[in-house]
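Novice: Chains W and Z, in that order, are what the protein sequence lines are.
Here our numbering is used: position 48 in the first sequence is 48, and no number is missing along the way.
Here our numbering is used: position 426 in the second sequence is 426, and no number is missing along the way.
Don't read these hints as lab results, they were simulated from the structure.
Be a bit skeptical, because a hint or two may be false.
Taking lysine-lysine and the DSBU-like style, the derived pairs with C-alpha atoms no more than 30 Å apart in a straight line are [unchecked claim]: (1) Z/Lys-214 with W/Lys-190; (2) Z/Lys-169 with Z/Lys-214; (3) W/Lys-136 with Z/Lys-249; (4) Z/Lys-200 with W/Lys-129; (5) Z/Lys-169 with Z/Lys-212; (6) W/Lys-15 with Z/Lys-434; (7) W/Lys-123 with W/Lys-192; (8) Z/Lys-249 with W/Lys-129; (9) Z/Lys-200 with Z/Lys-251; (10) Z/Lys-268 with Z/Lys-336; (11) W/Lys-192 with Z/Lys-212; (12) Z/Lys-212 with W/Lys-123; (13) W/Lys-120 with Z/Lys-212; (14) Z/Lys-377 with W/Lys-15; (15) W/Lys-257 with W/Lys-270; (16) Z/Lys-214 with W/Lys-122; (17) W/Lys-15 with Z/Lys-335; (18) W/Lys-190 with Z/Lys-223; (19) Z/Lys-268 with W/Lys-16; (20) W/Lys-136 with Z/Lys-200; (21) W/Lys-16 with Z/Lys-249; (22) Z/Lys-212 with W/Lys-15; (23) Z/Lys-339 with W/Lys-15; (24) W/Lys-192 with Z/Lys-414; (25) W/Lys-16 with Z/Lys-377; (26) Z/Lys-300 with Z/Lys-434; (27) W/Lys-16 with Z/Lys-73; (28) W/Lys-198 with Z/Lys-169; (29) Z/Lys-371 with Z/Lys-320; (30) Z/Lys-251 with W/Lys-129; (31) W/Lys-129 with Z/Lys-339; (32) Z/Lys-414 with W/Lys-15; (33) W/Lys-198 with Z/Lys-223; (34) W/Lys-120 with Z/Lys-223; (35) Z/Lys-200 with W/Lys-15; (36) Z/Lys-212 with W/Lys-190.
With beta-carbon atoms standing in for the labels, derived distance ranges [stated by the list, open to error]: (37) Z/Asp-197 with W/Pro-65: 23 to 33 Å; (38) Z/Pro-193 with W/Val-103: 17 to 27 Å; (39) Z/Asp-92 with W/Val-169: 27 to 37 Å; (40) W/Val-181 with Z/Thr-269: 41 to 51 Å.
Only a predicted model underlies this, so the values are computations on that prediction, with no experimental measurement involved.
No residue lacks a Cβ here, since even glycine has one placed at the ideal position from N, Cα and C.
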Amino acid sequence: MSRLSFRPRPLDITKKLPIVKNFKDFEDEEAPTSTRTQMLRIAAEADNEVQVQQVPSKKAASEIPTPQFVVVDTYERDYSRTFSQPTSYLRARGARAEIGEFVEYDLDNEDEDWLQEFNKEKKTLAAEKFETILFKLEVLDHKARERAGVITPTLASPIPVLLTFDAAVEALQSFSIKYGVFQSIYNYWKEKRERWQKPVLRRLQPPPPVNDTNPYNVFRPREKSHRLHTRRMQRRENNVQSFEKLRQVRRNLDQAKTLLEALIKREEKKRDVMENEVSLQRIQLKYKHETELLEDSLALPGFSSFPSKFASSEEEFVDSDDYSNSRPHPRPLMLQNSAFMDSKAAMASAGSIKREFGRRQAPYGWLHKLDPLEPLLLFTKPLDPEKLAGAGIAPPSDSSMPDGASACSWNIRGRIGRGGRIVFDRWNPLMHTPIDCGETLYIPPKPRPSSQFM
Amino acid sequence: MGSIDTPAVEENGSTQTPDATYTNGDGSSPPPAAADSAIARLGNESFRSNKRRSSMLPLEVGTRVLCRWRDVKFHLVKVIERRRMQCGGPNDYEYYVHYTEFNRRLDEWVRLEQLDLASVETVVDEKVEDKVTSLKMTRHQKRKIDETHVEGHEELDAASLREHEEFTKVKNIATIELGRYEIETWYFSPFPPECNDSLKLYFCEFCLNFMKRKEQLQRHMRKCDLKHPPGDEIYRSGTLSMFEVDGKKNKVYGQNLCYLAKLFLDHKTLYYDVDLFLFYVLCECDDRGCHMVGYFSKEKHSEESYNLACILTLPPYQRKGYGKFLIAFSYELSKKEGKVGTPERPLSDLGLLSYRGYWTRVLLDILKKHKGNISIKELSDMTAIKAEDILATLQGLELIQYRKGQHVICADPKVLDRHLKAAGRGGLEVDVSKLIWTPYKEQG
Chain W
1 MSRLSFRPRP LDITKKLPIV KNFKDFEDEE APTSTRTQML RIAAEADNEV QVQQVPSKKA
61 ASEIPTPQFV VVDTYERDYS RTFSQPTSYL RARGARAEIG EFVEYDLDNE DEDWLQEFNK
121 EKKTLAAEKF ETILFKLEVL DHKARERAGV ITPTLASPIP VLLTFDAAVE ALQSFSIKYG
181 VFQSIYNYWK EKRERWQKPV LRRLQPPPPV NDTNPYNVFR PREKSHRLHT RRMQRRENNV
241 QSFEKLRQVR RNLDQAKTLL EALIKREEKK RDVMENEVSL QRIQLKYKHE TELLEDSLAL
301 PGFSSFPSKF ASSEEEFVDS DDYSNSRPHP RPLMLQNSAF MDSKAAMASA GSIKREFGRR
361 QAPYGWLHKL DPLEPLLLFT KPLDPEKLAG AGIAPPSDSS MPDGASACSW NIRGRIGRGG
421 RIVFDRWNPL MHTPIDCGET LYIPPKPRPS SQFM
Chain Z
1 MGSIDTPAVE ENGSTQTPDA TYTNGDGSSP PPAAADSAIA RLGNESFRSN KRRSSMLPLE
61 VGTRVLCRWR DVKFHLVKVI ERRRMQCGGP NDYEYYVHYT EFNRRLDEWV RLEQLDLASV
121 ETVVDEKVED KVTSLKMTRH QKRKIDETHV EGHEELDAAS LREHEEFTKV KNIATIELGR
181 YEIETWYFSP FPPECNDSLK LYFCEFCLNF MKRKEQLQRH MRKCDLKHPP GDEIYRSGTL
241 SMFEVDGKKN KVYGQNLCYL AKLFLDHKTL YYDVDLFLFY VLCECDDRGC HMVGYFSKEK
301 HSEESYNLAC ILTLPPYQRK GYGKFLIAFS YELSKKEGKV GTPERPLSDL GLLSYRGYWT
361 RVLLDILKKH KGNISIKELS DMTAIKAEDI LATLQGLELI QYRKGQHVIC ADPKVLDRHL
421 KAAGRGGLEV DVSKLIWTPY KEQG
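Turn these sequences into a full structure, and let the hints steer you where they fit.
Specialist: Now the structure itself:
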């Protein structure tokens, strides 16, 4: 969306914003306020589609037509002027159902029509009385169902009539109503009640089931805790599954912690190794320097075995270092496993991998051919000719060497420099000597006078 | 409505030229001279359209045609539904029409005489097209639908919108009587099935019970013991009182109120029970009792910091500042609770206007007086208006600008006054000292 480019920098709601009272200050400067506001507005509108421009909608407000209403002429007659407001605020009384005396039921069309028919010959039943009796029948029936323990929380199936005629007669004795009339009312009510298959009085009708999706049925019960809006909230629902999930998360985190602790230990060791290597190299350089000085004056025999020892130990270091560098993936795996193994087994497996690595390294043991006195290049890695060939990289053949030494590829010293470059050194960068001279102890005269060492 | 002299209209309708009748809204009838020549020119055409008429009747659902509205002008409508007249021939239908330029609340049943049959478009039935779009829609199509149903629907996706419109497309109750007023309804409301055969319902204005016959209401009024909403009065100023009604304690009242309110709110849902809501009912009081003018509902515990779920001013009391009073009241309650709040969405067209007016007035009044810098958060804490609403309001008025690498609020008094004027009157003031109220959570 091209609109994204117009999005203004998000506004920090906690940041205090200056209030600019004078618009003139603002306009004087040449900065593109107008386009900027334009952008702001566009972006704001994109953000909130409800956002309509203020002015047109305001104009529309006076024009939004609505349906009409009229005054009811019978109002003043129907509603009596009997209300006087107390000085104190009105307080709620109990609901009508709790007060009990109020007849909650209002006759409907059907009831009125029946009553009219019933009263046709002579007026025997007043509407109010009829209303009261129907109301009482409803309440009594509800109580009967309560006693029978068949009150359903939702309207799942038709609700049967439990109130018998005899029970109704007994309960409503006080109404002093003729037996025949009462019987007619009861029969009418029962017929209607069975046709409806639910209480006639709305208060007693159970709500539709929660899973009922018919939009014409309304006022379902709702459990607040189940109304989860986003998927994230649903995942956090408080139940056994979430508990198990969280326990799994905890286990994973514990393992990760063990892993990280081991990693820290390893890195500390590596740092120690590196420090040792550096000091070693310093010593070597110093030593070599001294040798050169000696060579200039007198040759000292018997030192040759000493540096070779150095070299071999060096190889050890390089080995272990390279191992961790070149095989980063198996290592963590192994560590993870080691949490479940005993330490001996872990050591054994580590040792075997190391041995295997040593074997692989052996054929390309150009290190062995090195001048034992020559310090190892730190931070570099040897090249793997097989991999080179696989990648289609051929080491440069040195045409300057007539004796065919170029046939042995490992005479060309290749290495992976820092940053992953592949480097073929023609000169030993430290000694400033051609590569194949490095094998001998002979050191040609330096290009520069060695006065700096003197 | 309903007062249209039928035969005259029919004649008019068939002789007017299509050109003249298409002037929706403005300039209803053609100037006399033009009409004369048009009649002469169109003698043939009206004959042809008469012939066409007999074959097109009854009109199909989906037909677009011009219809005479209460302003006596012709407006383009779409036929939503039709039904046979109770007393009439087999081809006598009345039609439920939607005025394309108006909100659905003005949809109504009309008689054939109100329709200008000469304007019937030849391509009628859109049902096929509708079905296709309801299945799978591209974003473009979706937007198209959104655009055609602009007001109040912006936040619903197209599918739920269709479902909603299908289920509520025809108003079931046409008018209600509530206290002093007989009111035309605006929308469908899912009354119990027993009520659906009635075009008019009679509400008791105090307990809100509804009945199908006037005599039933009159009998009810003789016994009804309520003169005010069945809750605690929590505010009184002059003749104005506010009552808090607990949906759990007064279930039937709460449900009645919802049935009633749905008649005037398009996107209100009655899906769930009223237990979890409090209803704040605003009344004008006199010696007949406390007459409801409007209300708002509020969740007892809102996870989304809603301080208002539904808000309604009854039509006879609209445009008198009650709506803004209700909005202001909802924020006063939030302040007492020490929380910020926001209304539940979607807002209707009228609701959005009221809210935007309220936010504009409250925020700009502060900006006018405030000295020094101010953050949106501070504005939110002062007003209990949610930070997002503050941002939307100020950005909508272009008062937040980006200068020298930071946002600033432009509060030029002249600009603020202009916006304040456009936002309209503040309505009735809420006098906080008269609010005696304990938040639901702190009630026993």
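Novice: If a hint holds in the structure, say so; if it doesn't, say that too.
Specialist: A quick look at each hint next to the structure:
no.: 1; hint: Z/Lys-214 with W/Lys-190; in the structure: holds (26 Å)
no.: 2; hint: Z/Lys-169 with Z/Lys-214; in the structure: holds (27 Å)
no.: 3; hint: W/Lys-136 with Z/Lys-249; in the structure: holds (22 Å)
no.: 4; hint: Z/Lys-200 with W/Lys-129; in the structure: holds (26 Å)
no.: 5; hint: Z/Lys-169 with Z/Lys-212; in the structure: holds (22 Å)
no.: 6; hint: W/Lys-15 with Z/Lys-434; in the structure: violated (35 Å)
no.: 7; hint: W/Lys-123 with W/Lys-192; in the structure: holds (22 Å)
no.: 8; hint: Z/Lys-249 with W/Lys-129; in the structure: holds (28 Å)
no.: 9; hint: Z/Lys-200 with Z/Lys-251; in the structure: holds (24 Å)
no.: 10; hint: Z/Lys-268 with Z/Lys-336; in the structure: holds (27 Å)
no.: 11; hint: W/Lys-192 with Z/Lys-212; in the structure: holds (18 Å)
no.: 12; hint: Z/Lys-212 with W/Lys-123; in the structure: holds (23 Å)
no.: 13; hint: W/Lys-120 with Z/Lys-212; in the structure: holds (22 Å)
no.: 14; hint: Z/Lys-377 with W/Lys-15; in the structure: holds (8 Å)
no.: 15; hint: W/Lys-257 with W/Lys-270; in the structure: holds (20 Å)
no.: 16; hint: Z/Lys-214 with W/Lys-122; in the structure: holds (24 Å)
no.: 17; hint: W/Lys-15 with Z/Lys-335; in the structure: holds (22 Å)
no.: 18; hint: W/Lys-190 with Z/Lys-223; in the structure: holds (25 Å)
no.: 19; hint: Z/Lys-268 with W/Lys-16; in the structure: violated (38 Å)
no.: 20; hint: W/Lys-136 with Z/Lys-200; in the structure: holds (28 Å)
no.: 21; hint: W/Lys-16 with Z/Lys-249; in the structure: violated (46 Å)
no.: 22; hint: Z/Lys-212 with W/Lys-15; in the structure: violated (59 Å)
no.: 23; hint: Z/Lys-339 with W/Lys-15; in the structure: holds (20 Å)
no.: 24; hint: W/Lys-192 with Z/Lys-414; in the structure: violated (70 Å)
no.: 25; hint: W/Lys-16 with Z/Lys-377; in the structure: holds (9 Å)
no.: 26; hint: Z/Lys-300 with Z/Lys-434; in the structure: holds (22 Å)
no.: 27; hint: W/Lys-16 with Z/Lys-73; in the structure: violated (54 Å)
no.: 28; hint: W/Lys-198 with Z/Lys-169; in the structure: holds (28 Å)
no.: 29; hint: Z/Lys-371 with Z/Lys-320; in the structure: violated (33 Å)
no.: 30; hint: Z/Lys-251 with W/Lys-129; in the structure: holds (26 Å)
no.: 31; hint: W/Lys-129 with Z/Lys-339; in the structure: violated (52 Å)
no.: 32; hint: Z/Lys-414 with W/Lys-15; in the structure: holds (26 Å)
no.: 33; hint: W/Lys-198 with Z/Lys-223; in the structure: holds (26 Å)
no.: 34; hint: W/Lys-120 with Z/Lys-223; in the structure: holds (25 Å)
no.: 35; hint: Z/Lys-200 with W/Lys-15; in the structure: violated (56 Å)
no.: 36; hint: Z/Lys-212 with W/Lys-190; in the structure: holds (22 Å)
no.: 37; hint: Z/Asp-197 with W/Pro-65: 23 to 33 Å; in the structure: holds (29 Å)
no.: 38; hint: Z/Pro-193 with W/Val-103: 17 to 27 Å; in the structure: holds (23 Å)
no.: 39; hint: Z/Asp-92 with W/Val-169: 27 to 37 Å; in the structure: violated (52 Å)
no.: 40; hint: W/Val-181 with Z/Thr-269: 41 to 51 Å; in the structure: holds (45 Å)
The structure does not agree with the numbered hints 6, 19, 21, 22, 24, 27, 29, 31, 35, 39 stated previously, though it agrees with the rest.
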